[in-house]
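Generate coordinates for the entire structure from the input sequences, incorporating the hints supplied.
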Amino acid sequence: MDLELVQRVKAGDKKAFDVLIMKYQQRIVHVITGFVHDPVEALDVAQEAFIKAYRAIPNFRGDSAFYTWLYRIAINTAKNYLTAKARRPPAMDVDAMDATNYYDAPELKEFETPESKLVSDELQHVIHQAIESLPEDTATAIKLRELEGMSYEDISQVMDCPIGTVRSRIFRARGAIEKKIQETMKEGEQQ
Amino acid sequence: MTINLNELLSALVDDELQGDELAQALTLIHSDEQFKQQWLSYQHASDILHGHSVGPQNNDLTGLIAQRLRDEPSYLLKPQAAKLSTFAPQIWKQAASLAVAASIGALAVVGVINQPDGQLVPRPQLTVAENLQPVIAARNGKRWAIGEQDIEQRLNTYLVDHNEYTGASGVFSYARVVSYDAGQ
Numbered sequence: 001m002d003l004e005l006v007q008r009v010k011a012g013d014k015k016a017f018d019v020l021i022m023k024y025q026q027r028i029v030h031v032i033t034g035f036v037h038d039p040v041e042a043l044d045v046a047q048e049a050f051i052k053a054y055r056a057i058p059n060f061r062g063d064s065a066f067y068t069w070l071y072r073i074a075i076n077t078a079k080n081y082l083t084a085k086a087r088r089p090p091a092m093d094v095d096a097m098d099a100t101n102y103y104d105a106p107e108l109k110e111f112e113t114p115e116s117k118l119v120s121d122e123l124q125h126v127i128h129q130a131i132e133s134l135p136e137d138t139a140t141a142i143k144l145r146e147l148e149g150m151s152y153e154d155i156s157q158v159m160d161c162p163i164g165t166v167r168s169r170i171f172r173a174r175g176a177i178e179k180k181i182q183e184t185m186k187e188g189e190q191q
Numbered sequence: 001m002t003i004n005l006n007e008l009l010s011a012l013v014d015d016e017l018q019g020d021e022l023a024q025a026l027t028l029i030h031s032d033e034q035f036k037q038q039w040l041s042y043q044h045a046s047d048i049l050h051g052h053s054v055g056p057q058n059n060d061l062t063g064l065i066a067q068r069l070r071d072e073p074s075y076l077l078k079p080q081a082a083k084l085s086t087f088a089p090q091i092w093k094q095a096a097s098l099a100v101a102a103s104i105g106a107l108a109v110v111g112v113i114n115q116p117d118g119q120l121v122p123r124p125q126l127t128v129a130e131n132l133q134p135v136i137a138a139r140n141g142k143r144w145a146i147g148e149q150d151i152e153q154r155l156n157t158y159l160v161d162h163n164e165y166t167g168a169s170g171v172f173s174y175a176r177v178v179s180y181d182a183g184q
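So the sequences go chain by chain: A and B. Numbering-wise, my numbering puts 71 at position 71 of the first sequence, and it's gapless, one number per residue. Numbering-wise, my numbering puts 174 at position 174 of the second sequence, and it's gapless, one number per residue.
FYI, nobody ran anything at the bench for these hints, they're computed from the structure. Among the clues, some could well be false.
[What the hints assert, rightly or not] Here are the simulated lysine to any residue pairs, SDA-like style, with alpha carbons at most 20 Å apart:
1. A/K143 with B/E7
2. A/K15 with B/L17
3. A/K14 with B/E7
4. A/K14 with B/K36
5. A/K180 with B/N6
6. A/K143 with A/D154
7. A/K15 with B/L64
[Said to hold, decoys possible] Listing some non-contacts, in silico: residues in chain A with all C-beta distances to chain B over 10 Å:
8. A84
9. P135
10. V158
[Stated by the list, open to error] Facing chain B, a subset of chain A residues (Cβ under 10 Å, in silico):
11. V19
12. P39
13. L43
14. I51
15. V126
16. H128
17. R167
We put the beta carbon where it would ideally sit given N, CA and C, even for glycine.
Printed below as a string of structure tokens:
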């Protein structure tokens, strides 16, 4: 799907690029925060990285996944930013091939603040709770998708049901998860 | 109706849309703020689950970036055109290398051995010395048997140089055509 969005951008559809931004902004901001440490600066650097990606997109040939390509741009932008500010970039590097699993990289984990780690863990816990409270078929569908990374087609084979059913089960699961997150956030605001 | 559209947005998070459905989802996101927020919400939950997001705040950079990209040109590249534009210079570069190699090879062949009936005649500067036998080379299959060691040495040196050039420019197959013996 990313490739189709990229083709649309190349064909003059700037809005398709907005979708790529919306899709990857959280990941990119998170990765960059691991380098610059300051969340506000990370947003600026992320903006810069997306602008660079837009300018370079005619050269994107699809040899790698779009996110891997974007990830490299983000890392380079963050490093250049630190160099320009006369701050030493982290000595470690995360292989672009591991980009989709970067959150497992201990080198980046150590830059999380205790507060952000707490919030992150809390929200993950809420989501897992929401999944466990779902009917079994719905819970299985969302687990196979989000935790195992399986495609709808593969899930339909595993669960022996049509792809359309998989799609609606995952949609229902997302609705329940969203509701649970909103409840938790409201409770947090009241306390 | 709304439920089906939200289902479309959920599938968008999972990269499971193509063609018309993808176009429909894009229109939905760009035409209705509520649908856009709904999609961002699904995406955010997915990001949290994967550890891609550290908090509840959902910073949307699209507005700021779109503002900065307003003055940037929209691309009008078609994939085929993009491929051709990178392919064409390589073709010209290889053709030019081949032409250079061919002309050098042709000059060498014409200048050193130019006898239609398969016989080589001595070049003038090689025959003026007294008491020297004429240098004669005869063609035997692919191999030129050259009587004069000096000429053969020069020819070999030339072919080695030529091979080194063609090795760098990617026309090795042509170099085999102008060489006269694999063992030399």
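Right, here's what the structure says about each hint:
no. : hint               : verdict
1   : A/K143 with B/E7   : holds (17 Å)
2   : A/K15 with B/L17   : holds (16 Å)
3   : A/K14 with B/E7    : violated (24 Å)
4   : A/K14 with B/K36   : holds (16 Å)
5   : A/K180 with B/N6   : holds (17 Å)
6   : A/K143 with A/D154 : holds (13 Å)
7   : A/K15 with B/L64   : holds (13 Å)
8   : A84                : holds (18 Å)
9   : P135               : holds (17 Å)
10  : V158               : holds (15 Å)
11  : V19                : holds (6 Å)
12  : P39                : holds (9 Å)
13  : L43                : holds (6 Å)
14  : I51                : holds (6 Å)
15  : V126               : holds (9 Å)
16  : H128               : holds (8 Å)
17  : R167               : holds (6 Å)
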